[in-house]
Amino acid sequence: MSANEPKLRSKSASIRAYSILVYVVVIFFSILAILPFWFMFMNATWDTLSIQRGIKLWPNPNSFEQLAKNWNNLAERSTFSFAIGFKNSLIISVGSTALTVYFSALTAYGLSVYNFKGKKTIFAIIVGVMMVPTAVNITGFYRLMSSMGLLGSKWPLILPAIAAPSTVFFIKQYLETSLSMEIIEASRIDGASEFYTFNRICLPIMIPALATQGIFSFLGSWNNFFAPSILLSRSEDKTLPLMVAQLYGDRYTDYGMIYMGLSASVLPVVIVYAFLQRYIISGVAAGGVKE
Amino acid sequence: MARANNTGKRKGMSYTRYGYIFIAPFVIAYCIFSLYPLLTTFWFSTANMQSATAQFWGFGNYEAYYDRYLDLTKLYSDSFEQDVGIKKNEYVKIRNYFSAQDKADTYDPLNEEGIQAIIANGANSLVSQSAIDELQQALNNKDLGLLSQSSVEELKAWRSQYSDISLIISQKVSSIAGTVADIANAGASDDEEAAAEEETEAVTAESIYTAENYDTFVESLSNSDLTEEQQALVNYLAGQTGYPTLQEYFNAVKNGEVSVEDPMFFYVLTNLNKPNAVTAAGESVPAISVPFIDTVEEYLKANVWGDLVKSLNTFDSLEAYGDGSKGLHEDEESLYADLETLNNAGIINIVKLQVSGSSVIVSNDQKSDANALAIYRTFIDTAYEANDTELAAAVQISKLTTYYEDQGRVLLTALGISVDKYISFDGTFDLDKYFAFKSEVGLTDALSYDRYKELDAARKESNVANAQKKLEEAEAAIPAAQAAYDAIGGNDTNSKEYNALRKLELQVISSKDTIKDPTGILEKVDARYVYIFDGLNNYAEIFTNKTRFNTIVGAFWNTALMWVIGFIPQILLALLLSAWFTDTKLHLKGLSLMKALMYLPNVITAVTVAIFFRRLFSYSSGGTLTPSQIILHAMGMEQGYNFFANAWATRLIVCFINFWMWYGNTMIVLIAGITSISESLYESAQIDGANSFQTYTRITLPLLRPIVLFTLVTSLIGGLQMFDIPQNINVNPALVNFNGTMIKSIRTVLIYINNQAFGMQDVKQVGIAAATSVLLFVVTTILSIIIFYLMRDKDAAKAKRALKKGGTRK
Numbered sequence: 001m002s003a004n005e006p007k008l009r010s011k012s013a014s015i016r017a018y019s020i021l022v023y024v025v026v027i028f029f030s031i032l033a034i035l036p037f038w039f040m041f042m043n044a045t046w047d048t049l050s051i052q053r054g055i056k057l058w059p060n061p062n063s064f065e066q067l068a069k070n071w072n073n074l075a076e077r078s079t080f081s082f083a084i085g086f087k088n089s090l091i092i093s094v095g096s097t098a099l100t101v102y103f104s105a106l107t108a109y110g111l112s113v114y115n116f117k118g119k120k121t122i123f124a125i126i127v128g129v130m131m132v133p134t135a136v137n138i139t140g141f142y143r144l145m146s147s148m149g150l151l152g153s154k155w156p157l158i159l160p161a162i163a164a165p166s167t168v169f170f171i172k173q174y175l176e177t178s179l180s181m182e183i184i185e186a187s188r189i190d191g192a193s194e195f196y197t198f199n200r201i202c203l204p205i206m207i208p209a210l211a212t213q214g215i216f217s218f219l220g221s222w223n224n225f226f227a228p229s230i231l232l233s234r235s236e237d238k239t240l241p242l243m244v245a246q247l248y249g250d251r252y253t254d255y256g257m258i259y260m261g262l263s264a265s266v267l268p269v270v271i272v273y274a275f276l277q278r279y280i281i282s283g284v285a286a287g288g289v290k291e
Numbered sequence: 001m002a003r004a005n006n007t008g009k010r011k012g013m014s015y016t017r018y019g020y021i022f023i024a025p026f027v028i029a030y031c032i033f034s035l036y037p038l039l040t041t042f043w044f045s046t047a048n049m050q051s052a053t054a055q056f057w058g059f060g061n062y063e064a065y066y067d068r069y070l071d072l073t074k075l076y077s078d079s080f081e082q083d084v085g086i087k088k089n090e091y092v093k094i095r096n097y098f099s100a101q102d103k104a105d106t107y108d109p110l111n112e113e114g115i116q117a118i119i120a121n122g123a124n125s126l127v128s129q130s131a132i133d134e135l136q137q138a139l140n141n142k143d144l145g146l147l148s149q150s151s152v153e154e155l156k157a158w159r160s161q162y163s164d165i166s167l168i169i170s171q172k173v174s175s176i177a178g179t180v181a182d183i184a185n186a187g188a189s190d191d192e193e194a195a196a197e198e199e200t201e202a203v204t205a206e207s208i209y210t211a212e213n214y215d216t217f218v219e220s221l222s223n224s225d226l227t228e229e230q231q232a233l234v235n236y237l238a239g240q241t242g243y244p245t246l247q248e249y250f251n252a253v254k255n256g257e258v259s260v261e262d263p264m265f266f267y268v269l270t271n272l273n274k275p276n277a278v279t280a281a282g283e284s285v286p287a288i289s290v291p292f293i294d295t296v297e298e299y300l301k302a303n304v305w306g307d308l309v310k311s312l313n314t315f316d317s318l319e320a321y322g323d324g325s326k327g328l329h330e331d332e333e334s335l336y337a338d339l340e341t342l343n344n345a346g347i348i349n350i351v352k353l354q355v356s357g358s359s360v361i362v363s364n365d366q367k368s369d370a371n372a373l374a375i376y377r378t379f380i381d382t383a384y385e386a387n388d389t390e391l392a393a394a395v396q397i398s399k400l401t402t403y404y405e406d407q408g409r410v411l412l413t414a415l416g417i418s419v420d421k422y423i424s425f426d427g428t429f430d431l432d433k434y435f436a437f438k439s440e441v442g443l444t445d446a447l448s449y450d451r452y453k454e455l456d457a458a459r460k461e462s463n464v465a466n467a468q469k470k471l472e473e474a475e476a477a478i479p480a481a482q483a484a485y486d487a488i489g490g491n492d493t494n495s496k497e498y499n500a501l502r503k504l505e506l507q508v509i510s511s512k513d514t515i516k517d518p519t520g521i522l523e524k525v526d527a528r529y530v531y532i533f534d535g536l537n538n539y540a541e542i543f544t545n546k547t548r549f550n551t552i553v554g555a556f557w558n559t560a561l562m563w564v565i566g567f568i569p570q571i572l573l574a575l576l577l578s579a580w581f582t583d584t585k586l587h588l589k590g591l592s593l594m595k596a597l598m599y600l601p602n603v604i605t606a607v608t609v610a611i612f613f614r615r616l617f618s619y620s621s622g623g624t625l626t627p628s629q630i631i632l633h634a635m636g637m638e639q640g641y642n643f644f645a646n647a648w649a650t651r652l653i654v655c656f657i658n659f660w661m662w663y664g665n666t667m668i669v670l671i672a673g674i675t676s677i678s679e680s681l682y683e684s685a686q687i688d689g690a691n692s693f694q695t696y697t698r699i700t701l702p703l704l705r706p707i708v709l710f711t712l713v714t715s716l717i718g719g720l721q722m723f724d725i726p727q728n729i730n731v732n733p734a735l736v737n738f739n740g741t742m743i744k745s746i747r748t749v750l751i752y753i754n755n756q757a758f759g760m761q762d763v764k765q766v767g768i769a770a771a772t773s774v775l776l777f778v779v780t781t782i783l784s785i786i787i788f789y790l791m792r793d794k795d796a797a798k799a800k801r802a803l804k805k806g807g808t809r810k
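Chains A and B supply the protein sequences, listed in that same order.
For the first sequence, position 81 matches number 81 in this note's numbering, and the numbering has no gaps at all.
For the second sequence, position 444 matches number 444 in this note's numbering, and the numbering has no gaps at all.
To be clear, the hints were calculated from the coordinates, so they are not data collected in a lab.
No residue lacks a Cβ here, since even glycine has one placed at the ideal position from N, Cα and C.
One or more hints might be untrue.
Claimed, not checked - Dumping the calculated SDA-like pairs for lysine to any residue here, alpha-carbon to alpha-carbon at most 20 Å:
#1 Lys120/A - Tyr18/B
#2 Lys453/B - Asp517/B
#3 Lys119/A - Asp426/B
#4 Lys69/A - Val94/A
#5 Lys119/A - Thr16/B
#6 Lys56/A - Ile631/B
#7 Lys589/B - Phe28/A
#8 Lys254/B - Thr279/B
#9 Lys469/B - Asp426/B
#10 Lys142/B - Asp426/B
Stated by the list, open to error - In silico negatives: residues of chain B with every beta carbon more than 12 Å from chain A:
#11 Gly19
#12 Thr41
#13 Ser99
#14 Ala281
#15 Thr402
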């Protein structure tokens, strides 16, 4: 793109004009993507009256005072307890992520390292059930949980994570390129048991894939609404999304508080995303996420 | 690799089992948590099971089902003994058993904590030691029969001395629960009634204060006709509103300074219409009739209260508090918080006012029924810790008494049947105990499942015989009737001859129906609480009931529509952005930051996004403007636009959110696809002089096809499960007219399933929900197969075919 070559000047100028257009569009969509969150955060620093008077896209001069006030109003509401929702969400998400990651790794390892009868069929079934919409079995699932006395408990939201077909599929894809039988052979010759080989030698090799899948599993569980909304009914069991869903309950409560609640539910995810976005995006690029 | 395979084979035998062991947890968990529920969903879809409260008693125990639900006393009122072969009063024993079991299930009379509370209080020598011992024994053996009648009397006596305030409270709560249920159900029934029509005429806020009688009413307040007490009340209420006089307050409402949704408005109106105030003499203050109170109530029910009521913590528990099945001491803080919410919203008036002369004070009268809750609040605050077990004991005694005094139990014990030891007190149904009971009353063989089948067959047979007889009679009579009809000309459809003929014809049809499909006794079982194999009736119901069919097809249509409208711009924008982001000529800077920003909406909780957009696009007809109204106002639309009142606007908001949340994801997948295309292809294109556009359409797009199809499949499967956003964009789908929204416009398949199986209606249509799930499953599978078929590698397939034909591959 050397401008001192006269022949290329006109072409270079048209490219520049084109790239300005591209920048404008791309920046527009980047802003569009974060504008709602900015809007939420800014409004959380204002009181209801100011919010009703006009749209606030800048922080309140005495933000901290008003933030504290909104936070207190939020905390006083009986239907929204950030601490309880956060705790419940965290327990469920951490539990289900740990199970998904470990057992998917185990399954993928079992499928790629050992030769046994029916292996191909099982893998084909796993790929097939990836496509089954998870929500269709909800009536059966609810009945099962109610007959097991697990309604309101966290177990129905954690235990099913053991069987995550898509995670198994992606970890198996990863294993096929990065795990060599030689390592396993060497370990066997040294007298290690199969479980030792898996836990101590092969699991560390899988860490990059596990981390990516772990992040998506965590986000999926953290944002999950459908199953918890059916299984959890007492306010002390509710997860953060269920709490947020109740925020709009009574219409004459103050808006500053509503925005505070929304921001409080968004902020942890944004912070985590800020640190992990590179891994998340490379994970998405690898096709590791289902819509 | 070959070496590895060899060693694998040599030791293969010993390692093979590890393959099974390693995948076992996955397979087991999948079978329990996904496969089994999926299969049971299929099974439910063929079962008539309308209630979510049905209990699973095992497939082999039909006998218990039919004993429980077959009301033979009604079916065979005259010839019961003859038909069933047992005495009517023998059978009544079984009915009474279930009556007692029901009471035990609802009231939990042997609740361990409650009983321990009674025992703990008994230690203060309130109750005699022998009664305590009996209670302990009853608890240990799970048999209330060990508690003697005299001990029960003793407990009751203690409880009546204790306090009756909780009784007043539970009565009050019970009436509140009724009001609240009315509000909640008003919305739900509206939904069903209005299912056929898209739009319903609703009361608007304007119609309240623009009504003619509004001004007349406001004027009447300044009349001098008011009594002294009324005037005092009016002044007091004006003081509560913060306006100098009530007239000014009502004018403020009219001017839009105060919204009619303001709870104070309703509070003032109800207190005028039906004053919750007494004079010094203890008489009620005379009412000042508010002509438009019904309109206000209707408006609030449709727009504000339903939402409010649903948001209550204890909404489900209110009824339980009322009927005593839930102690007022359980979750009382949230109960009280909710009562306060209801009070603040004006739905209930907890605190009674006292008018003496021209002053109004809040009544402190402890005996006042209406003030019971205020006193309860004080009671909680002052005596919460100290009376904890005492209250628990009192509550438990009333539960115990309720069970003890159940008519069924009383009758059985009077007959000398020790029913208590056959009742299970933990809320389950114990089949073994039930069969033991049956054998004690001597009905084991008399009423077994085989016996029921016999009865059913006999009943069907006699029905068929009767129908056959009727059919023959009718057929024999038809020629004569036909002749009579012909005699009067044969074309007067109003004549009695025609009616007689028609009646006979109908008799033939109905008799033939009965012969073809006779009704037995087993069909009469109250199917609301059990599941009985019902064939494809749920599907038949879906496809033949016009309203239901329209609703379900509408749900599929909405889902598909919102997915398509969201997906098209999403894939187009993603294609455009991915082309730009990978265009080496453009050299875009800050790429990874922009990618990260555009993906951000995808990681945020969908519920939060939905609630946020709901807030953004909500509409207020009162004085204050919502964000969308402020923007539209600035653009020249005076009152903004009520998005949620328009079906398409609501849908488009949902589509926009889906688009906005997912284009970043699609874009990143496409970028990955483009970067994986071999660089040499682009280089040769460049050498050939292709420009960016040509390179894109000739090289990138064709090679990107599998990735686009992959996105299509995943997006489709996700799209068919659309739930979070449409469900939360308008939190209360039971209300048609909340905010004027026609929620039907965004009712997706999952919302429908959720409503049918877990909604607020009394009769939960689990069978229909399961059948709809199966339809969703089938639709998804078919669509996935179609797309997979399109996705398969066409070149490879062609090559295979070519090889078969003996040709060579180009």
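Do the hints match the structure? See the list:
no.	hint	verdict
1	Lys120/A - Tyr18/B	holds, 16 Å
2	Lys453/B - Asp517/B	holds, 16 Å
3	Lys119/A - Asp426/B	violated, 46 Å
4	Lys69/A - Val94/A	violated, 31 Å
5	Lys119/A - Thr16/B	holds, 11 Å
6	Lys56/A - Ile631/B	holds, 12 Å
7	Lys589/B - Phe28/A	holds, 15 Å
8	Lys254/B - Thr279/B	violated, 32 Å
9	Lys469/B - Asp426/B	violated, 52 Å
10	Lys142/B - Asp426/B	holds, 9 Å
11	Gly19	violated, 3 Å
12	Thr41	violated, 4 Å
13	Ser99	holds, 24 Å
14	Ala281	holds, 37 Å
15	Thr402	holds, 24 Å
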